[in-house]
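K.L.:
Chains A and G, in that order, give the protein sequences. The first sequence lines up with residues 1246 to 1444 when you count with our numbering. The second sequence lines up with residues -2 to 295 when you count with our numbering.
Treat the hints with caution; some may be incorrect.
Stated by the list, open to error - Label-pair restraints from in silico Cβ distances: (1) G222/G with T1290/A: 39 to 47 Å; (2) R199/G with A1288/A: 29 to 37 Å; (3) L1272/A with R199/G: 49 to 57 Å; (4) T1420/A with I22/G: 20 to 28 Å; (5) Y1322/A with D176/G: 57 to 65 Å; (6) L39/G with V1378/A: 50 to 58 Å; (7) I22/G with P1303/A: 28 to 36 Å; (8) D176/G with T1312/A: 27 to 35 Å; (9) R199/G with I1283/A: 19 to 27 Å; (10) I1329/A with G222/G: 24 to 32 Å; (11) I1260/A with G222/G: 41 to 49 Å.
Since the hints were derived computationally from the structure, they do not count as laboratory data. Even glycine gets a Cβ: it sits at the ideal position worked out from N, Cα and C.
What follows is the residue order along each chain.
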Amino acid sequence: MSRDPGIWTAALLTIVVWSYLFKQNILFQAVEHLFVGIAAAHAMTVAFTNLRDTCLGPALMGDWAMTVPLLGGLLLYARFLPKISHLSRIPLAFVMGTAAAVVIRGSLGPSFIQQVAGTIIPLTSPDNVILVVGTVTTIAYFLFGRKSRSGMMDHAARLGRYIMMAAFGAAYGNTVMMRMSLLIPRIRLVFGDWLGLLP
Amino acid sequence: MAAVNGEWGYRAMTFRRLAVLDSRIVYAAVFLSILLPLWRPLGLSISVSQGTFDVYEVVDSLSQDDTVIVSPSFAPSSEAEVYPQMEAILRHLLARKARVAFVNLNVEGRMYAEKAMTTLAPEFGYNYGEDYVILPFTPGLETAVASISDDFLGTYERDAYGTPLTETGALAGIRSINDFALVVDFNTGDTTIYYIQHAKPRGIPVIAGASGVTVPYLTPYLATGQLSGLIGGLRGAAEYETAIDNPGMALAAMDAQSLSHASILALIGLGNAAYFLAKRDDARTTRRSRQSNGGELK
């Protein structure tokens, strides 16, 4: 059995979390709160460190250009003061504009045009047929312009729904696979690193 | 309650009980299916898929003069799947003598880079600064990748420990992202897509190691050739360990992974069979009851 206090802590916390599978209990609730608290503290520490390292620190060291984003950040809080609340729109507009520019520039080619081009392929193999039919019928499902669907459109939309269900099933299967991958190291920690029962 | 009064009724009850099996029995079955193969490994064989082989080929084509960006963009919640991938590919990169720059888009990235290199650097004779460098955490995700792609040296003036990049031999000759031979991103989110959107158009091949959940989102980029290779989940890591002939933590876990999947499939099959058989037996019981009462259901 391990003598490492870190392993003991991790193993005991893991067992308490597992205990929820048997029944809801106060120890599980305590560990749940501990987790939320640590996660919140971690997020705050990361945010503060970012602010200190990328902006506040350089500004205090004489890099006056850094006072501009600092001022912008402070102006975001102006919305809590009714008289100057309109000032919060200035940094918000800057953030929105920059984000939109970066996203549109990046995604238009690789995530839109090239993806559309990727579906314009010869129907010479089963893979290609599935890809083209799947794309067209899934789009057909989301064509809401017509008041009623009938004939070919109805059949295409129904097929599109089945194809989406297959895709969601595959995504869910991957999620289950991931959960199993997460469980394996925890079992190894408790039965191997802590109790020393595994080879 | 006609269903419980006859032979078929009892069978229907049995099937119905199976269909609503206590979830704790399901948990115990899955738990044991993982624990037992860890205790007594079965040694199931692993075949290397074409996707993993494509990643292997890209890494294997690197030379000693090449510098590679490795981006550990994952968090502890997916460490079990993605870290074994990172260690396996890093082992291959170091065997090819490629220089490595760790770009950290996540706070935890630096921790994983240090953890991996603490083990691998002495094994492959790598020295910090000379053969590899760890860059500081860069917040912003897509904005950060766009910034790195537009102006690498403008984004990074120093490494994670404060040393000016001009003093690190690992990045000698690097002026922009075009000077890198490859981007390898290990992710659980969209970071690979950001590299495809901002680094790939500059001619840098991108390969990725991803958690199982992320694989369906990256597959369209693989199909269009924008992603040069993709390995997914613990299985992908195990395949890569097989490809480089270096069994590691992923291969050791594959017996447990395979058996747990088999147990889940068996439980899904059992649950569905129980549901449909109970439904069929209910219908039979109702029909018999009708016949014995001259068409009236009691």
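K.L.:
Indicate, hint by hint, whether the structure satisfies it.
P.N.:
Comparing the hints with the structure gives:
1. G222/G with T1290/A: 39 to 47 Å: Holds - the Cβ-Cβ distance for G222/G and T1290/A, about 41 Å, lies within 39 to 47 Å.
2. R199/G with A1288/A: 29 to 37 Å: 33 Å, holds
3. L1272/A with R199/G: 49 to 57 Å: Holds, at about 53 Å.
4. T1420/A with I22/G: 20 to 28 Å: 22 Å, holds
5. Y1322/A with D176/G: 57 to 65 Å: 42 Å, violated
6. L39/G with V1378/A: 50 to 58 Å: 40 Å, violated
7. I22/G with P1303/A: 28 to 36 Å: With Cβ atoms ~59 Å apart, the hint is violated.
8. D176/G with T1312/A: 27 to 35 Å: With Cβ atoms ~34 Å apart, the hint holds.
9. R199/G with I1283/A: 19 to 27 Å: 40 Å, violated
10. I1329/A with G222/G: 24 to 32 Å: Given a distance of about 52 Å, which is not inside 24 to 32 Å, the answer is violated.
11. I1260/A with G222/G: 41 to 49 Å: 47 Å, holds
Going down the numbered hints, you'll see the structure goes against 5, 6, 7, 9 and 10, while the others check out.
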